[in-house]
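Here is how the chains run, residue by residue.
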Amino acid sequence: MHRATVDLWVGVFVTVGFLGLLFLAFKVGSASNFSASDGYVVTAEFDNIGGLKVKAPVKSAGVVVGRVESIVFNNHSLRATVSMRIGKKFEFPKDSSVSVLTAGLLGEQYVGLDGGGDIDLLADGDKIVLTQSAMVLEKVIGQFLFNKASESGSNN
Amino acid sequence: MRANAFLKGFVAIGRITVDGVWKIGAGTKFILNVISRSRMTFQRPRLLIDEIFFTGTLSLIIIIVSGLFVGLVLGLQGYETLKRYGSAEAVGTLVALSLVRELGPVVAALLFASRAGSAMTAKIGIMKSTEQLSAMQMMAVDPYARVVTPMFWGGFFSMPLLAAIFSAMGIIGGYLITVVVIGVDGGAFWSQMQANVDFHGDILNGIYKSIVFGFAVNTISLFEGFDCVPTAEGVSRAVTRTVVTSALAILALDFVLTAFMFTGV
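Chains X and H, in that order, give the protein sequences.
Read in order, the letters of the first sequence are residues 1 to 156 in the numbering used here.
Read in order, the letters of the second sequence are residues 1 to 265 in the numbering used here.
Bound-form chain H, shown alone:
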């Protein structure tokens, strides 16, 4: 009896491993498939523009508002702590570095995954469950090239821009709360920030991060949509999985990238 339960444990571990490996393999194959069919996307820029509108422009409001609020909070908290050490002017550096290096790319990617990634999964999932993808194949239209690839590239181009807007709005938010409201010296705020934020070391690395996150979120959401069980429940599960997996992937990748980019000399 006990040995039986023991065996079941091994079976469960085995199943998780096999499923995981299958997912990684299928996901890689899927994304290579998607990228190898990029030609049509760039020959018909209309498709791409529509997807940039869908993933980028429609995410603009949420990115601007959240960026502003994150900046406001960072400014307030940073000021409260730095004030004790008599270096309230350094709050500009604090806000800029935390946004440009970490919060900008990470929070923008999390918002992107929940706002645009989930919508991409749902769109493809529903097209699959209503057999629109099969119908395309019947008409000799490649569903990858026509539907999936433009979505991938649209999200890929939107993500770094959204992250940059998020960081910029956050810094403006930090400026508003500390300089305009609290009354920290504005000149010191900007000059200390400029002295300590490096274009290559900080800003470019932040942009690289957001490119990697954009790639990961797009891959996950498109694959989950393509891989979902073609029922109403299957689509809803796929959307949930997209958000959860994307969030975990973003945070894990962020740790790895930070370890490579910002440690050592």
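Okay, chain X solo, but in the shape it has when bound:
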């Protein structure tokens, strides 16, 4: 085949290949708001994290603002320490609170971050004090049954 024709078609192939890669990177994947090293890390201690997993989203007002980076058990306080990486462009007051929530009825668990009213902002390495644990279904049902039982007990 003619030299220039081969060159032309190789050029077409390579261009199409890189277009495919770009399509995957920008249209299909989230060339994400927070890459592994971007942003600041805050920690929080929970009594119970339920089914929270590493890489679960951290949401504020329903918007994903970060991801759970690690979950470790604290031997001294006997609680779970969760570190979260928050995107650089998101700023929250120091007295913000976090809670473990569930998306939908059977959905995955995520961390909800509610902003407070402090003037100072959360910075890298800060610890969020106000936390609310995950709702464990068995405990809720148990409490409900207990309340029912005590109600009917007082009626008699």
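Take every hint as true, because none was put in to throw you off.
Distance windows between CB atoms, simulated:
{"#": "1", "chain 1": "H", "residue 1": "THR263", "chain 2": "X", "residue 2": "VAL136", "range": "22 to 30 angstroms"}
{"#": "2", "chain 1": "H", "residue 1": "THR263", "chain 2": "X", "residue 2": "PHE73", "range": "20 to 28 angstroms"}
{"#": "3", "chain 1": "H", "residue 1": "PHE255", "chain 2": "X", "residue 2": "ASP47", "range": "34 to 42 angstroms"}
{"#": "4", "chain 1": "H", "residue 1": "TYR85", "chain 2": "X", "residue 2": "VAL136", "range": "18 to 26 angstroms"}
{"#": "5", "chain 1": "X", "residue 1": "VAL63", "chain 2": "H", "residue 2": "THR263", "range": "24 to 32 angstroms"}
{"#": "6", "chain 1": "H", "residue 1": "TYR85", "chain 2": "X", "residue 2": "GLU138", "range": "18 to 26 angstroms"}
{"#": "7", "chain 1": "X", "residue 1": "GLU138", "chain 2": "H", "residue 2": "ILE182", "range": "38 to 46 angstroms"}
{"#": "8", "chain 1": "X", "residue 1": "GLY125", "chain 2": "H", "residue 2": "ILE24", "range": "46 to 54 angstroms"}
{"#": "9", "chain 1": "X", "residue 1": "LEU8", "chain 2": "H", "residue 2": "THR28", "range": "33 to 41 angstroms"}
Below, a list of computed lysine-lysine pairs in the DSBU-like style, where the Cα atoms sit at most 35 angstroms apart:
{"#": "10", "chain 1": "X", "residue 1": "LYS55", "chain 2": "X", "residue 2": "LYS89"}
{"#": "11", "chain 1": "X", "residue 1": "LYS59", "chain 2": "H", "residue 2": "LYS83"}
{"#": "12", "chain 1": "H", "residue 1": "LYS83", "chain 2": "X", "residue 2": "LYS139"}
{"#": "13", "chain 1": "X", "residue 1": "LYS53", "chain 2": "X", "residue 2": "LYS127"}
{"#": "14", "chain 1": "X", "residue 1": "LYS94", "chain 2": "X", "residue 2": "LYS139"}
{"#": "15", "chain 1": "H", "residue 1": "LYS8", "chain 2": "H", "residue 2": "LYS29"}
{"#": "16", "chain 1": "X", "residue 1": "LYS88", "chain 2": "X", "residue 2": "LYS27"}
{"#": "17", "chain 1": "X", "residue 1": "LYS27", "chain 2": "H", "residue 2": "LYS83"}
{"#": "18", "chain 1": "X", "residue 1": "LYS55", "chain 2": "H", "residue 2": "LYS83"}
{"#": "19", "chain 1": "X", "residue 1": "LYS53", "chain 2": "H", "residue 2": "LYS83"}
{"#": "20", "chain 1": "X", "residue 1": "LYS127", "chain 2": "X", "residue 2": "LYS55"}
{"#": "21", "chain 1": "X", "residue 1": "LYS148", "chain 2": "X", "residue 2": "LYS53"}
Far from chain H, by Cβ distances over 10 angstroms, these chain X residues were calculated:
{"#": "22", "residue": "TYR40"}
{"#": "23", "residue": "PHE73"}
{"#": "24", "residue": "SER77"}
{"#": "25", "residue": "PHE90"}
{"#": "26", "residue": "SER97"}
{"#": "27", "residue": "LEU101"}
{"#": "28", "residue": "LEU121"}
{"#": "29", "residue": "THR131"}
{"#": "30", "residue": "ALA149"}
{"#": "31", "residue": "GLU151"}
If you're looking for bench data, these hints aren't it; they were derived computationally from the structure.
In this text, a Cβ means the ideal position worked out from N, Cα and C, and glycines have one as well.
Given chain X, put chain H in place with the hints provided.
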């Protein structure tokens, strides 16, 4: 009599083991030989461009068409199942993740092995059986550097691009069947996909996979061609072995890579 049959069994096991070990050793030596002679390939890019044309451009049509059809089927089947749980919009995530993580690299590599790998084996096998390789050596031209190494690098560069094109076409196919034909909401299709497909975790790992597969398929097909019995029948057997061994190697490597990349946290 029975003891004799027993002995024969051991002999067979021994032969398989020795042959296998020999193949692994010879293959490793071969590929190191090929890579160590890379200088000429990059000094004369013409050779490389010709091989990229041969392995990449000529595989483009089959990759695009199969990618499209795999995407169409994934979209249809995924929709039928997800519809029952009232989450038909998640079909975008399903199609994208299965293509980017597994089907894209694996099926593209299988097609590459049967389309380009077999041709590489046949080309080298025929050059060997018609003594073209020996003739080169007589003229003090290194057949590795002149013939084999450009083929290796050509396939090595083509493979990840082909896998990316396959995945992209598959996702477009899934979009066509679910959004355009069935009528799933297009916005939800893309947004759910973007929310759940991670660039580092999913797309880059898929590309790494295709690089590993490209290396394996090239090594197998070039080695089989170089190692074949220099007769018509020998070449035909070598081509068959290339396709079979490549397919097995791709699937086994895929399992190992998936176990490393996508499990655990």
